[in-house]
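If you want the building blocks of each chain, they are given just below.
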Amino acid sequence: MSEKYVTLAHGAGGKQTSELIDQVFKAHFSNPNLTADDAAVLSVEKGKIAFTTDGFIVSPYEFAGGNIGKLSICGTVNDLSCMGAKPLYLSCAFVIEEGFPMEKLEEIAAAMEKTAKEAGVEICAGDTKVAGKGQVDSVFITTTGIGKVMENANTSGKLARPGDAVIVTGDIGRHGCTILLARDEFGIEADVTSDCAPLWNNVKAMFDVTDDIHVIRDATRGGVGTVLYEIAGQSGVGISLESEKIPVADEVRGVCGMLGLEPLYLACEGRLVVFAPKEKAQDIVNALRACKYSENAAIIGEVTEENAGKVIMKTEIGSQTLLPQPGGELLPRIC
Amino acid sequence: MDSINNAKEIISSYNRTDGKKLRIMEVCGTHTHEIFRLGIRKLLPESVELISGPGCPVCVTPVGFIDEAVMLALDKGATVCTFGDLIRVPGTEQSLAGARSKGAKLKTVYSPLDAVTYAEERPEEQVVFLAVGFETTTPSACLAVKKAKAANLKNFSVLGANKTMPNAYKALKNSADAFLYPGHVNAITGTKLCEDMTKQGVSGVVAGFTAAELLTALAVTIELSQKGEPFFRNCYTRVVKPEGNPAALKLMDKVMTPCDSEWRGLGVIPMSGMVLKDEYADFDARKKFGLPKITGKPNPACRCGDVLQGKCKPCDCKVFGKGCTPMHPIGACMVSNEGACSAYYQYGLEG
Chain A
1 MSEKYVTLAH
11 GAGGKQTSEL
21 IDQVFKAHFS
31 NPNLTADDAA
41 VLSVEKGKIA
51 FTTDGFIVSP
61 YEFAGGNIGK
71 LSICGTVNDL
81 SCMGAKPLYL
91 SCAFVIEEGF
101 PMEKLEEIAA
111 AMEKTAKEAG
121 VEICAGDTKV
131 AGKGQVDSVF
141 ITTTGIGKVM
151 ENANTSGKLA
161 RPGDAVIVTG
171 DIGRHGCTIL
181 LARDEFGIEA
191 DVTSDCAPLW
201 NNVKAMFDVT
211 DDIHVIRDAT
221 RGGVGTVLYE
231 IAGQSGVGIS
241 LESEKIPVAD
251 EVRGVCGMLG
261 LEPLYLACEG
271 RLVVFAPKEK
281 AQDIVNALRA
291 CKYSENAAII
301 GEVTEENAGK
311 VIMKTEIGSQ
321 TLLPQPGGEL
331 LPRIC
Chain B
1 MDSINNAKEI
11 ISSYNRTDGK
21 KLRIMEVCGT
31 HTHEIFRLGI
41 RKLLPESVEL
51 ISGPGCPVCV
61 TPVGFIDEAV
71 MLALDKGATV
81 CTFGDLIRVP
91 GTEQSLAGAR
101 SKGAKLKTVY
111 SPLDAVTYAE
121 ERPEEQVVFL
131 AVGFETTTPS
141 ACLAVKKAKA
151 ANLKNFSVLG
161 ANKTMPNAYK
171 ALKNSADAFL
181 YPGHVNAITG
191 TKLCEDMTKQ
201 GVSGVVAGFT
211 AAELLTALAV
221 TIELSQKGEP
231 FFRNCYTRVV
241 KPEGNPAALK
251 LMDKVMTPCD
261 SEWRGLGVIP
271 MSGMVLKDEY
281 ADFDARKKFG
291 LPKITGKPNP
301 ACRCGDVLQG
311 KCKPCDCKVF
321 GKGCTPMHPI
331 GACMVSNEGA
341 CSAYYQYGLE
351 G
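As they're listed, the protein sequences go chains A and B. The numbering of the first sequence is our numbering, which starts it at 1 and goes up by one. The numbering of the second sequence is our numbering, which starts it at 1 and goes up by one.
Worth flagging that the hints you see were computed from the coordinates, not collected in a lab. Be aware that a few hints might be false.
Straight-line alpha carbon distances no greater than 27 Å define the calculated BS3-like cross-link-like pairs of lysine-lysine that follow [what the hints assert, rightly or not]:
(1) LYS149(B) to LYS76(B)
(2) LYS245(A) to LYS8(B)
(3) LYS310(A) to LYS313(B)
(4) LYS314(A) to LYS42(B)
(5) LYS318(B) to LYS310(A)
(6) LYS158(A) to LYS148(A)
(7) LYS245(A) to LYS42(B)
(8) LYS8(B) to LYS314(A)
(9) LYS133(A) to LYS149(B)
(10) LYS76(B) to LYS8(B)
Let's have the full structure, built from the sequences with the hints guiding it.
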């Protein structure tokens with residue numbers, strides 16, 4: 001690319017647009033299904049399809065452990081995976097701020113390529129728009145994905161049942177903590193990296209253990225605590241957690257302590273919350289621990305008939321409390 | 001785990017036959033939060049009552065202070081730098097968040113020094129830092145002012161509402177039988193002030209913040225209370241030294257001087273605040289901008305004042321959980337995570 005920055009001309013549909021697409025996006029996303037036409041035409045096996053879309057506007061757009069490109073692939077791949085669907089095809093739409101460095105766009109595209117390869121998905125269609133300076137913040141990406149639902153999979157937030165164990169696939173809150181620190185508003189430095197990761201292989205490994213998995217959800221915005229409240233509500237059950245069993249990295253716990261934040265409400269981008277019958281739970285955890293990205297998987301609690309719609313925490317001193325419902329902004333504590 | 005179990009044993013075996021309760025007031029917002037998070041109230045016997053006192057800086061900041069900050073931001077065009085929670089505290093007419101939607105410029109900071117840096121980088125803006133808090137945060141506000149003076153900054157000032165604890169204990173002595181003293185405050189002030197207060201009939205124990213430290217402090221309070229005499233004990237010796245933090249005390253003494261101070265719900269407590277000394281008057285936003293005397297009018301339905309004195313529980317207030325929630329707070333105690341009302345609301349009746 002001769003130019004160093006994205007200009008409005010790159011989004012005007014003419015020669016520069018073609019150049020941008022050819023030299024940045026096609027160069028990285030190359031695969032037989034990537035279309036130059038108005039829509040990609042794809043073959044899909046018989047059966048059920050999972051279909052989802054997600055927009056990404058993270059600030060800052062690069063952070064320890066990834067960038068917005070990696071995030072945009074992981075987010076949609078993980079949403080599909082949560083339905084027991086093998087991710088197959090993605091589309092991606094960029095809205096880029098005028099003046100965005102071309103070099104950074106290259107890095108984002110390269111991260112998308114790498115992550116898509118790892119997740120086994122093809123990027124088949126895309127769109128690029130350039131917005132005037134100040135109309136967007138750096139770069140926004142929307143990805144849409146199709147996955148093939150495995151025949152033995154039937155997961156939904158409505159299917160949690162008393163007697164289910166609650167599993168998380170790793171230590172929680174890394175992504176949210178990383179982003180907070182990357183914004184550099186608190187003058188705190190800590191060695192925290194985002195958990196951002198594509199998790200299809202982890203889901204597949206769980207289904208290799210058993211078909212009997214009731215709920216899988218990725219704990220993104222709002223974190224694990226928000227997901228648990230959603231599921232308690234959707235399934236009409238109570239959830240009982242044991243605080244000492246919830247995996248949290250020391251550095252994340254340290255930052256949360258300083259800022260008065262609860263790790264359960266910090267976003268994850270590579271962690272799943274899984275509900276499955278207790279008797280299968282340990283085998284599932286063992287299978288997860290053998291996979292990359294879920295080495296710290298743990299059973300953190302169980303589903304109960306009582307306390308429907310609520311999440312109860314058994315605390316480290318042998319008492320119990322309600323886990324406060326999430327809400328409001330994440331604000332640092334002042335003393 | 002042993003110290004936790006020992007403390008639990010002492011706490012649960014406390015039994016009183018005179019029908020009265022041992023009232024223990026925690027005077028630190030972080031203690032309030034941890035007590036709820038750990039579910040400590042559930043472990044207490046009937047005859048022990050925990051009261052959440054005025055230890056959250058946001059909760060005790062009076063309505064008039066918010067009105068002053070709003071006036072600075074909207075009428076005087078100043079950029080207001082503040083700790084996050086203060087943004088949502090209701091003033092007489094509006095909160096700072098409300099003022100922001102009308103164009104007020106706010107900046108959330110984590111340290112007063114960030115506000116100085118912000119002012120240095122933007123000489124065209126008048127920057128006002130909202131200095132609230134107790135002896136824990138006041139030294140950093142003093143440092144910020146000292147630094148601004150050294151740099152001869154003409155666009156930085158503070159709107160002060162700094163408070164000191166000892167006289168508040170005396171004002172509250174009829175509300176509780178003993179205080180759990182805030183370990184972070186004593187880490188600065190040392191222990192002498194609290195020790196001396198036993199002569200005036202004020203009892204208390206300095207408490208740390210881990211589960212073991214909090215339970216131990218409660219157990220010690222229960223044991224000492226049975227001797228029938230005013231008592232003091234430092235149960236946070238790993239952090240709190242008798243002499244406190246001399247450097248921080250010296251800094252405060254250099255930059256600020258004690259003054260009467262208004263506490264939300266408690267009224268004016270003599271010599272319970274800190275104000276900039278005359279030599280730093282150029283950095284006092286009230287003087288710099290010629291602010292008029294403002295008397296804030298709290299919402300009459302709000303009982304934060306009674307809550308802060310332990311005269312009622314949050315759920316006894318008519319607007320609690322109805323008109324007043326963490327998303328739409330009417331009183332300051334519902335704003336901060338460390339406020340008693342917010343804790344009661346968020347932890348349901350499980351508290």
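Hint-by-hint comparison with the structure:
1. LYS149(B) to LYS76(B): holds, 22 Å
2. LYS245(A) to LYS8(B): The hint holds at about 22 Å.
3. LYS310(A) to LYS313(B): Cα-Cα ~23 Å, so holds.
4. LYS314(A) to LYS42(B): holds, 12 Å
5. LYS318(B) to LYS310(A): holds, 25 Å
6. LYS158(A) to LYS148(A): holds, 21 Å
7. LYS245(A) to LYS42(B): Holds, at roughly 21 Å.
8. LYS8(B) to LYS314(A): holds, 16 Å
9. LYS133(A) to LYS149(B): Violated, at about 38 Å.
10. LYS76(B) to LYS8(B): Outside the cut-off at roughly 55 Å; violated.
In terms of the numbered hints stated before, the structure departs from hints 9, 10, listed from lowest to highest.
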